[in-house]
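Visitor: Line order of the protein sequences matches chains A and B. The numbering of the first sequence is our numbering, which starts it at 1 and goes up by one. The numbering of the second sequence is our numbering, which starts it at 1 and goes up by one.
Bear in mind the hints are in silico, worked out from the structure with no lab data behind them. Errors might be hidden in some of the hints.
[Stated by the list, open to error] Partial list, derived from the structure: chain A residues whose beta carbon lies under 7 Å from chain B: (1) Thr124; (2) Lys125; (3) Ile143; (4) Glu147; (5) Ile198; (6) Gly200; (7) Val201; (8) Met206; (9) Tyr210; (10) Asn214.
[What the hints assert, rightly or not] From the derived model, a few chain A residues whose C-beta atoms are all more than 10 Å from chain B: (11) Asn172; (12) Asp213; (13) Ile272.
For glycine and all other residues, C-beta sits at the position ideal for the given N, C-alpha and C.
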Amino acid sequence: MKVLFKEVHELFLATQFTGFMSQTMSRLSLYEYANIFFKHLTWLENDFIKRGEDYTYSVEQVPIKVTHISHMYSDIIKRIDSIESKLDRCEDRDITFRMLSDLTYIKSVIAHLPEESVEYAFNTKREYPNVELTDEARDALTIFLFEETYKEYELIMVYNYSKAHSSNAFLNRIFQVLVDESFFHLRSFGQMMADMGILGVPRSIMEEVYKFDNLEKFLKDGIQEEIGAKEECKRLAEAVSSSSEYFASFFTFINNQENYHIALMQEALEHISPK
Amino acid sequence: MNADAQLMEHMMNPQNYGEIENSDATGIGKNPLNGEKVVIYLKVKEGDDPIIEDIKFQAIGCTTTIVAGSIITSEAKGVTFSRAEELIAITLGMLDNVPPEDAACSEMVALALKAAMDTYLARQKDSDFPMISYKITTDCTPKGEMDNESTI
């Protein structure tokens, strides 16, 4: 069951990051399928919790550097085949029936998605289409995207773990909104990485990052991190403003979104430790 | 950090990132000021001068730490402990010549490697010896941000 869980997690990552590479309508399908695989992950996770079994979010490195998107489609189909062969390791037949139905359909669709050359996503040119970046802006944007793409994936998993282990409806609403927000940011930054030719492989998250003992401390630290992220967005908006009005307004938008995340975490904090 | 082609490769595809199940030893390099840390896992071939057969690392840290981990573990893979000690000494010796934020990341990786090797050697005498953790001495906070630093 633990191997099955890990493989579903890796399938989610492979599909999500393939979505970043696509420059056609296939991207939308891949995002939807990534959502479905993530949902499968949460079903299996819930089964672990119900049975009182420990689990982790550890994954192997998921290779994504390919010249054509069909290589990733073949990889995804192989991953699905492997998962299908292990579904009997989950004793909850309702879960595995639903998973098998989804996997069978998705596999058949992915096999027919159109071919695309995706070398651009890994060419390390660090140029953005139709934007003249100064060297300073290019370096700042590069570092930001590497830091934040990983961070958003980490946040998705941290909030998801917190949600899975909480039966408090008020907190769970907040955790779910934060998961959704982090997905939006991950996708925005992942697409930008691909556009700049610097799409990197997703990295596994250390267990202690999501298995924390103290929710109050986690939220307080999280608020400070969001404040730090806001500052970073502000700095970045300034660094790229002379190069691109689009980027400047995008990072101002992201900066302002962090205010909402901070408000949500403060709400959660007040809920668990009212003044 | 200026990004050249080699650095970009380490950023996009960090080498040796992850865990080794049933590793022979692990070690930690830690920044006590901000909670960042690097864990190194070793698979070792026994001998008078043991050989690092396999090495992996994980980190709670920034991109520079990941790049340093990728470079240092690539250098350490397949070498003897004596050679790895030299590698650690060279890395620690260069810290004065790089910006503090980059120095702290490299120091954390080098100390994690040292901690893993020292843990391995200590366990040859006492199999229950606990995992060793070393703290870095470099402060990675860039000047000018000292007063504002608050994140973990």
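Visitor: All hints are to be evaluated individually against the structure, with a verdict given for each.
Guide: Comparing the hints with the structure gives:
The closest approach between the C-beta of A:Thr124 and any C-beta of chain B is roughly 5 Å, which is under the 7 Å cut-off, so the hint is satisfied. Because the smallest distance between the Cβ of A:Lys125 and any Cβ of chain B comes to about 10 Å, over 7 Å, the interface hint for this residue is violated. For A:Ile143, the interface hint holds, the least distance from its beta-carbon to any beta-carbon of chain B being 6 Å, beneath 7 Å. A cut of 7 Å between beta carbons decides the hint on A:Glu147: the least distance to chain B is about 6 Å, and the hint holds.
Against a cut-off of 7 Å between C-beta atoms, the interface hint on A:Ile198 holds, since the closest Cβ of chain B lies about 6 Å away. Hint status for A:Gly200: holds, given a least beta-carbon distance of 4 Å to chain B, under 7 Å. Given hint, A:Val201 at the interface with chain B, holds; its Cβ is 5 Å from that chain's nearest Cβ, closer than 7 Å. Interface restraint check: A:Met206 against chain B, minimum CB-CB distance 5 Å, threshold 7 Å, status holds.
Checking A:Tyr210 against chain B: minimum C-beta separation of about 11 Å lies over 7 Å; hint violated. Checking A:Asn214 against chain B: minimum C-beta separation of about 12 Å lies over 7 Å; hint violated. Every CB of chain B is more than 10 Å from the CB of A:Asn172 (nearest about 24 Å), matching its label as outside the interface. Separation of A:Asp213 from chain B is adequate, the least Cβ-Cβ distance of about 14 Å exceeding the 10 Å criterion.
The beta carbon of A:Ile272 is kept farther than 10 Å from every beta carbon of chain B, the shortest such distance being approximately 18 Å.
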